[in-house]
Amino acid sequence: MESAIVKKIPFLQKMKRIFKREPSRNVPVAIEPPPVSEKADLLYHYARCNTMPLRQEESDAITMKMIRKFQELGIPIKPMLERLRHLPITATNETANVVALSQYICPLPGVSIELKARFQRDSHRTMPLSFHFIEGPCRPPRFPHASQHTGWGLSDVCMTAMPHRPDLLPLWSALHKRRVTHANSLTYRDQLLLLQKKREECAANSDRFLELHLRLWCAIAPEAQPSIERFIDRVSTLPNIYDYLSETNQAVVEAFIKKPYQQAVQARCEQALLPGDHKTVAAFLEKKTNEVEQDLVERISKAGSDLERTTLDFILKTGIVLKKGIIPIIIQEMSEPLNYPSPPLDAFSRKLQAAAFKQATAFVEGRCSADELESDLILFTNEGIGEWAPYADELEAYYASRRSARA
1 MESAIVKKIP
11 FLQKMKRIFK
21 REPSRNVPVA
31 IEPPPVSEKA
41 DLLYHYARCN
51 TMPLRQEESD
61 AITMKMIRKF
71 QELGIPIKPM
81 LERLRHLPIT
91 ATNETANVVA
101 LSQYICPLPG
111 VSIELKARFQ
121 RDSHRTMPLS
131 FHFIEGPCRP
141 PRFPHASQHT
151 GWGLSDVCMT
161 AMPHRPDLLP
171 LWSALHKRRV
181 THANSLTYRD
191 QLLLLQKKRE
201 ECAANSDRFL
211 ELHLRLWCAI
221 APEAQPSIER
231 FIDRVSTLPN
241 IYDYLSETNQ
251 AVVEAFIKKP
261 YQQAVQARCE
271 QALLPGDHKT
281 VAAFLEKKTN
291 EVEQDLVERI
301 SKAGSDLERT
311 TLDFILKTGI
321 VLKKGIIPII
331 IQEMSEPLNY
341 PSPPLDAFSR
351 KLQAAAFKQA
361 TAFVEGRCSA
371 DELESDLILF
381 TNEGIGEWAP
391 YADELEAYYA
401 SRRSARA
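Mapping of the sequence shown onto the numbering used here: position 75 corresponds to residue 75, and the numbering continues sequentially without gaps.
Calculated directly from the structure, the hints in this document are not laboratory data. Fair warning: there could be bad hints in the mix.
[Said to hold, decoys possible] In the DSSO-like style, the derived pairs of lysine-lysine whose C-alpha atoms are separated by at most 30 angstroms in a straight line are:
1) LYS69 to LYS288
2) LYS302 to LYS258
3) LYS302 to LYS177
4) LYS324 to LYS302
5) LYS116 to LYS65
6) LYS259 to LYS287
7) LYS78 to LYS65
8) LYS177 to LYS116
9) LYS69 to LYS287
10) LYS258 to LYS279
11) LYS259 to LYS177
12) LYS116 to LYS69
13) LYS302 to LYS279
Values in this document were obtained by computation on a predicted structure and should not be read as measured data.
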């Protein structure tokens with residue numbers, strides 16, 4: 001039976017489409033995009049705009065095509081069918097007689113599928129005019145999504161995503177090869193079973209799990225402690241704690257790590273960032289992350305529930321702190337293609353870099369229990385970065401040598 005809190009809070013009604021609470025069973029359940037991500041906003045937009053009624057044959061055709069795609073990719077069908085029934089299908093008129101339909105699903109972290117179809121609506125034609133799939137990565141990500149770690153995580157951006165000469169980085173290269181091999185060896189069923197195991201571990205000891213998340217985030221972003229405490233307290237009342245923690249943490253990563261990094265790479269390719277000066281890159285990244293902050297402030301002011309407001313505030317406040325360590329890491333990587341001296345990383349940036357190497361190593365070694373949260377906490381509360389110092393030192397020496405080699 002639906003809980004009273006879900007019935008009372010509209011935002012949780014929205015969440016229900018994404019994090020559907022289901023009874024415990026042997027078949028693992030896949031997660032959908034987070035309620036605070038761009039993709040979730042897209043789903044809500046679909047739901048609001050989908051005012052055109054669908055014909056049964058159109059809906060059936062979309063479902064059958066999705067099922068065939070799951071079979072092709074080796075994704076278990078049974079847990080996906082229930083998801084498809086609850087995901088909206090967008091319907092828009094292309095012409096007076098042609099309707100365009102689309103449906104989006106994220107069967108696993110890092111894997112997305114969007115199906116687009118066109119139907120001619122007349123009494124003589126029931127088959128679609130065309131089908132088209134837009135697929136995200138069809139292999140498991142080589143750096144774990146937060147849900148593939150402990151519900152908390154970073155990004156490979158923190159450990160250098162694209163060095164030009166990986167052969168000059170023996171530690172980085174060895175770990176990268178292990179990541180690729182491990183990712184390619186995982187089947188979709190393996191991932192679903194692992195995700196279900198993590199959910200069950202969190203549910204069995206949710207108090208400890210939430211306490212570790214609270215202490216870890218407060219160690220990383222002590223300035224944001226009031227927002228962190230409010231968020232963790234609010235999440236403790238939800239039915240799907242692990243999913244909500246994972247997706248909210250991943251939303252922080254997407255907004256304040258991946259997005260500014262991708263924007264910097266694009267600007268460099270378009271020659272909007274020119275060689276020679278790291279201050280230009282720093283100003284660019286500051287501008288882009290400020291835009292994210294402004295967007296979050298606006299969304300907080302328009303939040304429809306306490307849960308939504310608390311979640312967005314958590315993303316904003318932790319992101320503001322996190323970017324202070326992320327921007328220097330991106331500047332470090334950009335120093336190679338833009339040929340400027342790479343400033344040394346401060347202690348906080350090195351902590352984030354070490355945590356990313358640690359997370360990637362845990363991923364390939366299958367270490368992902370709550371004990372990993374405790375070791376992450378130790379990393380951020382202790383002085384130095386311990387066994388991960390050689391990895392950070394290797395990157396710093398690499399970027400210094402790359403400019404010297406071209407000078």
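Please work out if LYS259 and LYS177 have their alpha carbons no farther apart than 30 angstroms.
holds, 25 angstroms
When you check the alpha-carbon spacing of LYS78 and LYS65, does it fall within 30 angstroms?
holds, 15 angstroms
Quickly compare the C-alpha distance for LYS116 and LYS69 to 30 angstroms and report which way the hint goes.
Satisfied, since the Cα-Cα distance of roughly 13 angstroms is no more than 30 angstroms.
Does LYS177 lie within 30 angstroms of LYS302 when you go C-alpha to C-alpha?
violated, 45 angstroms
Is the Cα-Cα distance between LYS259 and LYS287 30 angstroms or less?
It holds: about 12 angstroms lies between the C-alpha atoms, which stays within 30 angstroms.
If you draw a straight line from the CA of LYS324 to the CA of LYS302, is it 30 angstroms or shorter?
holds, 27 angstroms
Take a quick look at whether LYS258 and LYS279 sit within 30 angstroms of each other, Cα to Cα.
Judged against 30 angstroms, a Cα distance of about 20 angstroms means the pair holds.
Going straight from one Cα to the other, do LYS69 and LYS287 come out at no more than 30 angstroms?
violated, 40 angstroms
30 angstroms Cα cutoff - pair LYS177, LYS116:
Violated, at about 35 angstroms.
Hinted pair LYS302 and LYS258, Cα distance within 30 angstroms
holds, 25 angstroms
30 angstroms limit on alpha-carbon distance, applied to hinted pair LYS302 and LYS279
Judged against 30 angstroms, a Cα distance of about 35 angstroms means the pair is violated.
With the threshold set at 30 angstroms, check whether the alpha-carbon distance from LYS116 to LYS65 stays at or below it.
Holds - the C-alpha atoms of LYS65 and LYS116 are around 10 angstroms apart, at most 30 angstroms.
Violated hints, listed in ascending order, are 1, 3, 8, 9, 13; each of the other numbered hints is respected by the structure.
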